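Chains as they are written, first to last, in the numbering used here: chain V, 4 to 301; chain R, 9 to 345.
Rather than coming from a laboratory, the hints here were simulated on the basis of the structure.
All figures in this text were calculated on a predicted structure; none of them were measured in a lab.
Backbone N, C-alpha and C define an ideal beta-carbon position, used for all residues, glycine too.
A couple of the hints might just be wrong.
Here are some, though not all, of the chain R residues that point toward chain V, as calculated from beta-carbon distances under 7 angstroms [said to hold, decoys possible]:
1) 11
2) 14
3) 109
4) 111
5) 113
6) 345
Residues of chain V clear of chain R, computed beta-carbon distances all greater than 12 angstroms [stated by the list, open to error]:
7) 9
8) 21
9) 33
10) 173
11) 201
12) 272
13) 291
Only part of the chain R face toward chain V is listed, based on derived beta-carbon distances under 8 angstroms [to be verified]:
14) 9
15) 12
16) 101
17) 102
18) 103
19) 106
20) 108
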Amino acid sequence: MTAALETVALGKRYGRQWALRDCTLSIPCGKVVGLVGPNGAGKSTLLHLAVGLLRPSAGTISVLGVRPGSGTDALARVGFLAQDSPAYARLTVAQHLRMGAWLNPSWDGPFATRRVRELGLVLGQRGATLSGGQRAQLALTLALAKRPELLVLDEPVAALDPLARREFLQTLMEIVVIRNVSVVLSSHLISDLERVCDHLVVLVGGGLALEGDVETLLRSHHRLVGPRKDTSAMPANQTVVEASDVDKQSTFIVRTDEPILDPTWTVSPLSLEDLVLAYMRRARDDAASIPAGLAVAR
Amino acid sequence: MIRFAWLQSRTQALTAAVLLGALAVVAAITGIQLSHLYSSFVASCHTGCELATTQFLSHDQFMDHALDLVALLAPALIGIFWGAPLLARELETGTYRLVWNQCVSRSRWLASKMAVVGLVSVSAATALTLTITWWYRALDRVGTNQYNVFDRRDIVPIAYAVFAFAAGALIGAVIRRTLPAMATTLGVYTFARIATTIWIRPHVLSPAHKTTAFNAGQVGITINGTANGPVAHIAAQGSGPPNSWTLSSHVVTNTGHVPTPAQLAAFAHQYCPGPGNTRIGGPHTCINQATKTFRLLVTYLPANKYWTLQWLESGIFLAAAIVATLGCYWWITRRIS
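Using the sequences and the hints given, assemble the complete structure.
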């Protein structure tokens, strides 16, 4: 089975600045993948690489087994919802649908018309007068009606108010199930993704900080609270993601597939948000420590 | 994709068609009046036609000035309003991220947009220059050297418009912002036109020469007192045959050579005595003697080279438009990634 998204040592550079570097991951089909990271982490860059808007500066990327941007075949199989859901200001909703019908051989006209009607969009309304939520819904309709195998959404809810956010993600999930598409969507808010994703990719500062199945990740991470201890005293099968000490007490976030046997620990599960934040902090601290390390080496 | 490109541009195309149609109607009404005037007063006039000609030329000064301005500005407007926003607006508003994910390659997207709006531009420019050239045909025959209105008649305005459109598109793709692209397009187009007029147009065809006598009214002499006595600078204004383009005129000796400083000093010493540093014009021995001593060499482009020059200049601008179009292709498919 081909992967929905597969990258090997993928990197993208703008001038001298690397927006994404050394990113290797493989995401199977049929997943809803959340791409999380702070602003400027390289999320948009990765997604633009995936839909062929950008070309890699290093490494390789393949989407559904094809190099993105290699032709109209690759375009036909991927639906893309760009950040801020751009729409033509002077074209009406109906004209946007006509564009989709003209430009996509596998266009599902009845679906598009039905969905636009269900959403209550006025066919004669121009793009300029649509609200952010309406634009996002129109863009999602356009992306779905071309019958893609993979749907890529770049911060689809960032510009929406909380209600529209919830509604958008809900309709997205319903449709994903009905139309059987794989999804990659990005957000800088984990709370947006928590409800909908079954796979997670965390980017920090252009590098991959964490990747994995949400359930597995949650199952294998624990918060340990107990008497003060050094990280080096931990068993080899427990990887400490984050450690913090307060007075005589240590709090560790560890990753392990084995049960925690040490009775001195109070073990509690982690929320997805805590987990992601721990990895983000670690990636940030690692990045900050590199220049210092270099200075010592000299 | 052609249909979508047309959907995007049809409003501006139809607006332009309506404006051009209105202009054509006004031009037709006033133009027919003009040609009627021409055939009944100017063409049939045999003696003492000065008054009839003057009245004919100043009959419709409003349309004369208005159409002249339209002819001058139209290509620039096409570049600014159709060329520059063509790609810049898509890149600025982010809609390229929408349309580039439809099942259309970037090159086909670009080719369709350029073809549709380019064709609209060519049609508009052609209709306009036909209207304008037709309206002026009688006036041009009577009162104007064809080379004076070279850039506002016949085919060159079409080539200017095509160039302005393609250059605008490229500038828009590079700058990616509509308003700055429009301003830059105006600047680049104006520079290209001025540069061509000054540095290229006078030199693309080999000119003709003629050496003639000249009369006292055409000449001005400046005497400069130097340590070796007075030296004369003789400036004379000559012109080529009717409807030709006078490129330059020089005073030469009877043998056809540019006079040496020694010859000019000898001339001044002999015929133009008096205090140093004077400027002499009008009836004067010095002037009269100059007309006898020297001749006038006029370099000009003959009237029959007009169409060759029209095609040549059109070719230059079309070639530049092709280069700009290839630049768009390269920029859109290679640089924006």
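Results for each hint:
no.	hint	result
1	11	holds, 5 angstroms
2	14	violated, 10 angstroms
3	109	holds, 4 angstroms
4	111	holds, 5 angstroms
5	113	holds, 6 angstroms
6	345	holds, 4 angstroms
7	9	holds, 20 angstroms
8	21	holds, 16 angstroms
9	33	holds, 21 angstroms
10	173	holds, 23 angstroms
11	201	holds, 24 angstroms
12	272	holds, 39 angstroms
13	291	holds, 31 angstroms
14	9	holds, 6 angstroms
15	12	holds, 5 angstroms
16	101	holds, 6 angstroms
17	102	holds, 4 angstroms
18	103	holds, 5 angstroms
19	106	holds, 5 angstroms
20	108	holds, 6 angstroms
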